[in-house]
Amino acid sequence: FGFPRAIAHGMWLKARALAALEDHLPASNVEISVQFQKPVRLPADVTLSASAAGSHGEFRVEGQEGIVHMIGSWQPATD
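Each residue of the sequence shown is one higher than the one before, starting from 1 at the first, in full-length UniProt numbering.
Just so you know, these hints were derived from the structure itself, not from any lab.
Treat each hint with caution, since some may be false.
20 Å max Cα-Cα, derived SDA-like pairs, lysine to any residue [stated by the list, open to error]:
no.	residue 1	residue 2
1	K14	S73
2	K38	E62
3	K14	I71
4	K38	V68
5	K14	H24
6	K14	L42
7	K38	S73
8	K38	I7
9	K38	A8
10	K14	L48
11	K38	S49
12	K14	P39
13	K38	P4
14	K14	R41
15	K14	H56
16	K14	N29
17	K14	S33
18	K14	S51
19	K14	F36
20	K38	A6
21	K38	G2
22	K38	E65
23	K14	G63
24	K14	R60
25	K14	V30
26	K14	V34
27	K14	P26
28	K14	Q35
29	K14	A77
30	K14	E31
31	K14	S55
32	K14	D45
33	K38	A15
34	K38	F1
DEER-style ranges, computed between Cβ atoms [as the list claims (entries may be wrong)]:
no.	residue 1	residue 2	range
35	A6	A77	26 to 36 Å
36	G2	A27	31 to 41 Å
37	E31	R5	29 to 39 Å
38	S55	G2	35 to 45 Å
39	A27	F3	32 to 42 Å
40	S49	M11	15 to 25 Å
Predicted model, so just to flag it, every value in this text is computed and none were measured.
Quick reminder that beta carbons are idealized off the backbone N, C-alpha and C, glycines included.
Just need the whole structure built from these sequences, with the hints factored in.
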């Protein structure tokens, strides 16, 4: 079991993406959903892209050759 090389942990990847998107996200009452697609094998260069800032949006982390590592979205939290 395991990967041939070290990987970036999915929760770290999510946290890092959300930190970079701080100005895109509402200040409070936001729900974040992510789906992990492929592991990020280290060392790696990845790109974070996102829709425009607002109450709803989507983001994704891609690696070389368009490999999608994580997709996510934000929306207002519901009770």
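Here is what the structure says about each hint:
1. K14 x S73: Between K14 and S73 the Cα gap is close to 11 Å, so the pair holds against 20 Å.
2. K38 x E62: At roughly 10 Å apart (the allowed maximum being 20 Å), E62 and K38 satisfy the hint.
3. K14 x I71: holds, 9 Å
4. K38 x V68: holds, 7 Å
5. K14 x H24: Holds: K14 and H24 sit about 15 Å apart, inside 20 Å.
6. K14 x L42: The given pair, whose Cα atoms are some 16 Å apart, holds under the 20 Å limit.
7. K38 x S73: Roughly 17 Å separates the two Cα atoms, so the pair holds.
8. K38 x I7: holds, 10 Å
9. K38 x A8: Holds - the C-alpha atoms of A8 and K38 are around 11 Å apart, at most 20 Å.
10. K14 x L48: holds, 11 Å
11. K38 x S49: It holds: about 16 Å lies between the C-alpha atoms, which stays within 20 Å.
12. K14 x P39: holds, 12 Å
13. K38 x P4: holds, 14 Å
14. K14 x R41: holds, 15 Å
15. K14 x H56: At roughly 17 Å apart (the allowed maximum being 20 Å), H56 and K14 satisfy the hint.
16. K14 x N29: Between K14 and N29 the Cα gap is close to 18 Å, so the pair holds against 20 Å.
17. K14 x S33: holds, 10 Å
18. K14 x S51: holds, 16 Å
19. K14 x F36: Roughly 9 Å separates the two Cα atoms, so the pair holds.
20. K38 x A6: Holds - the C-alpha atoms of A6 and K38 are around 13 Å apart, at most 20 Å.
21. K38 x G2: Holds - the C-alpha atoms of G2 and K38 are around 14 Å apart, at most 20 Å.
22. K38 x E65: With Cα atoms ~13 Å apart, K38 and E65 stay inside 20 Å; holds.
23. K14 x G63: Holds - the C-alpha atoms of G63 and K14 are around 15 Å apart, at most 20 Å.
24. K14 x R60: Since the Cα atoms of K14 and R60 sit roughly 10 Å apart, the hinted pair holds (cutoff 20 Å).
25. K14 x V30: Given that 20 Å is the threshold and the Cα spacing comes to 15 Å, the pair holds.
26. K14 x V34: The hint holds at about 8 Å.
27. K14 x P26: holds, 17 Å
28. K14 x Q35: Roughly 10 Å between the alpha carbons, so the hint for K14 and Q35 holds.
29. K14 x A77: holds, 18 Å
30. K14 x E31: holds, 13 Å
31. K14 x S55: The hint holds at about 19 Å.
32. K14 x D45: holds, 15 Å
33. K38 x A15: It holds: about 17 Å lies between the C-alpha atoms, which stays within 20 Å.
34. K38 x F1: The given pair, whose Cα atoms are some 16 Å apart, holds under the 20 Å limit.
35. A6 x A77: 26 to 36 Å: Roughly 34 Å apart at Cβ, these two residues keep to the hinted range, so it holds.
36. G2 x A27: 31 to 41 Å: holds, 40 Å
37. E31 x R5: 29 to 39 Å: Because 33 Å falls inside the window, the suggested range holds.
38. S55 x G2: 35 to 45 Å: holds, 40 Å
39. A27 x F3: 32 to 42 Å: holds, 37 Å
40. S49 x M11: 15 to 25 Å: holds, 20 Å
Hint check: no violations occur; every hint is consistent with the structure.
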